[in-house]
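Engineer: Spelled out, the chains give:
Number of protein chains: 2
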Amino acid sequence: MRAGVAKRALAEATGVLERIAPSKPSQPVLAQIYLEALEAGLRLRATNGEVDLELLVPAEVEGSGATLVPAALFGQLVRALPAEYAELRLTPEGLELEGGSFATRIAVADPEAFPPFPEVPGPEGEVSAEALAKALARVRYAAAQEEYRAIFRGIQLELDETRLRAVATDGFRLALYDAEGGGALAAKLVLPARSADELVRLIKDARVPLKLAVGEGRLRVEGERFRTAIALMEGSFPDYQRVIPGQFVLEATLDAEALRQAIERLRVLADRQSQRVDLAFSEGTLELAAEGEYGRGREALAAEVRGEVPLVAAFNAHYLADALKGLKGPVRFKLSGAQTPSVLESEEEPGYLAVVVPLRV
Amino acid sequence: MRAGVAKRALAEATGVLERIAPSKPSQPVLAQIYLEALEAGLRLRATNGEVDLELLVPAEVEGSGATLVPAALFGQLVRALPAEYAELRLTPEGLELEGGSFATRIAVADPEAFPPFPEVPGPEGEVSAEALAKALARVRYAAAQEEYRAIFRGIQLELDETRLRAVATDGFRLALYDAEGGGALAAKLVLPARSADELVRLIKDARVPLKLAVGEGRLRVEGERFRTAIALMEGSFPDYQRVIPGQFVLEATLDAEALRQAIERLRVLADRQSQRVDLAFSEGTLELAAEGEYGRGREALAAEVRGEVPLVAAFNAHYLADALKGLKGPVRFKLSGAQTPSVLESEEEPGYLAVVVPLRV
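These protein sequences, in sequence, are chains A and B. For the first sequence, our numbering gives the first residue as 403, with consecutive numbering after it. For the second sequence, our numbering gives the first residue as 403, with consecutive numbering after it.
It is worth saying that the hints were derived from the structure and are not from the lab. Wrong hints could be hidden among the right ones.
Put simply, identical chains are the same to the list, so a pair is met inside one copy or across any two.
[What the hints assert, rightly or not] The calculated DSS-like cross-link candidates involving lysine-lysine, where the alpha carbons are at most 27 angstroms apart (straight line), are: (1) Lys730 with Lys409; (2) Lys613 with Lys590; (3) Lys409 with Lys590.
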């Protein structure tokens with residue numbers, strides 16, 4: 403087998419696959435990239451047991467063959483090539499890689515030892531890559547890092563024939579994003595948040611709708627030049643609808659970014675443990691205050707406030723800042739009471755909703 | 403005391419001082435910044451016991467007074483201020499800091515508890531800031547990270563009335579930089595490499611000559627708006643002149659950056675322990691090769707080679723790459739033999755000289 407391939411395309415592909423291939427694998431074979439010569443180009447594959455990813459890199463190929471190469475080493479060598487074009491040759495002695503003045507021969511392993519791409523036999527649907535990436539990225543922050551119930555480290559994806567919803571919660575806060583762009587497939591599934599991160603990176607620049615299938619405990623996602631299979635989480639996602647309040651006693655509208663920055667400033671002074679920041683809503687103003695071992699601070703922001711003023715509620719500054727991160731334009735801060743869940747909504751991103759629960763003080 | 407100060411100037415100063423003030427100090431007072439109102443502005447000071455640094459920030463000051471504020475907290479608050487101008491007020495309750503819509507009061511500590519700026523009574527000289535920064539930055543890589551003899555973690559600075567030299571060595575390699583730009587002070591001293599890093603950051607943009615003094619185990623450096631005192635290392639620096647060969651059997655001239663990149667590429671394949679890369683010099687060519695557990699690689703570079711060809715020598719790729727880093731244009735690679743020290747010199751930076759010793763193979 404002999405293949406000529408653009409260095410840049412190969413370097414991009416190996417970069418993505420290196421992130422999947424674990425650096426300290428439970429089985430040594432998982433530190434490898436599977437490389438196969440097809441008529442259309444090079445097929446490259448990596449897996450960590452949770453996420454299987456296969457990429458197709460356009461190449462001029464003569465002959466056929468497959469092999470395994472160490473992921474990190476191969477990636478480093480490809481990136482370092484002193485030429486725009488790389489030549490690969492699979493010989494009985496190893497895989498030869500050449501570019502410009504540089505030539506190398508890498509020890510290879512038996513391709514039969516690599517896990518095959520998982521079968522996902524379920525029915526297929528389509529989804530907008532942009533909508534899926536946006537929805538997953540928007541709610542990601544609310545998934546738990548470490549939690550006694552593993553399901554809190556997942557993102558629930560709800561698909562019906564026209565829409566999709568992503569939801570994440572760690573039991574203290576919740577984020578939800580609704581988008582148009584589903585199609586044909588109805589499913590409800592929970593992706594590990596880390597696998598969702600990889601999926602977002604993979605699809606965020608995709609220009610065509612993605613094909614989806616669900617089955618055998620996996621979600622398969624296919625784009626123009628990749629397919630991935632993601633192991634789903636077992637167990638049932640919490641009944642989050644109950645947590646979202648429907649009635650409010652106060653609604654304040656103000657600039658999301660200004661609010662986030664004020665919270666970040668006060669966070670510096672807030673009690674390290676509780677991260678408490680006090681929000682006092684009155685007519686035309688939201689006054690924020692925090693106090694900790696080093697001192698105290700306050701800041702007043704202009705806000706359009708409707709409802710039962712004055713109202714004071716305390717929040718975890720970290721949770722509020724997370725919920726506001728990346729939002730542009732006005733945010734609607736809706737309180738159901740001083741001790742009951744509040745909702746944040748963005749006027750520019752109507753699909754987004756965040757729930758934060760006030761601190762008990 | 404009341405002071406009005408540009409946020410940007412204050413944020414820059416606190417940023418620099420935060421790097422000095424240790425985050426886990428041996429004495430709690432070292433985590434503080436000393437802040438004093440003078441007629442000309444605010445004097446800010448931090449120390450880690452090794453490096454004392456005092457900065458003057460222009461400010462409009464009413465009254466006088468001094469206090470201590472927690473370095474990291476104060477820095478974060480200043481950077482986060484939502485205004486271009488900051489107001490400071492020292493009251494019996496604490497230090498008030500205001501900017502735009504934000505106001506805070508920080509708990510302060512007794513300024514008497516802070517170590518005074520060290521006395522450095524020695525004779526004074528001048529030095530070019532640019533030359534000193536360049537010399538220290540150029541040789542820094544050759545200082546040891548961890549070593550049984552502490553002196554190897556230092557950089558020797560040799561000053562005479564017109565010139566300065568910086569030298570570093572970890573016992574396996576050496577870097578030396580000679581520059582014009584000394585003046586009036588003759589001294590030989592050893593700075594801890596980490597303190598030298600701070601000094602370089604501090605002086606690299608200075609536009610006027612620096613004042614130097616040496617005494618009481620410290621080097622004092624003064625610029626327009628700062629002064630710093632750096633504790634010197636005790637013990638005698640190795641007699642490095644012996645290591646620099648004077649006679650050579652071969653000299654090769656080639657592009658420094660091309661050589662460094664080839665070495666970095668081969669390093670990926672080299673034996674992890676020895677980092678061995680083989681250099682074979684012949685007429686018109688330098689051929690590099692490396693081999694390790696994952697395979698082998700080679701690369702040929704055009705070079706102007708004079709002397710006893712062919713000659714093969716093995717080097718630590720990491721040391722060679724370090725010695726070449728940042729060099730532009732042609733480098734002269736001078737070998738005294740296959741097993742004896744080699745010298746690298748840059749045509750564009752004639753003050754620079756690096757010694758690397760071949761591996762024994």
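Engineer: How do Lys613 and Lys590 come out at 27 angstroms by Cα distance, when the copy is not named: within, between, both, or neither?
Structural biologist: within (16 angstroms within a copy, 71 angstroms between copies)
Engineer: I want to check one pair: Lys730 and Lys409. Are their C-alpha atoms no more than 27 angstroms apart within a copy, between two copies, both, or neither?
Structural biologist: between (38 angstroms within a copy, 25 angstroms between copies)
Engineer: Check Lys409 against Lys590 for me: Cα-Cα at most 27 angstroms, and say if that holds within a copy, between copies, both or neither.
Structural biologist: neither (40 angstroms within a copy, 51 angstroms between copies)
Hint compliance for this structure: hint 3 is the single one not met.
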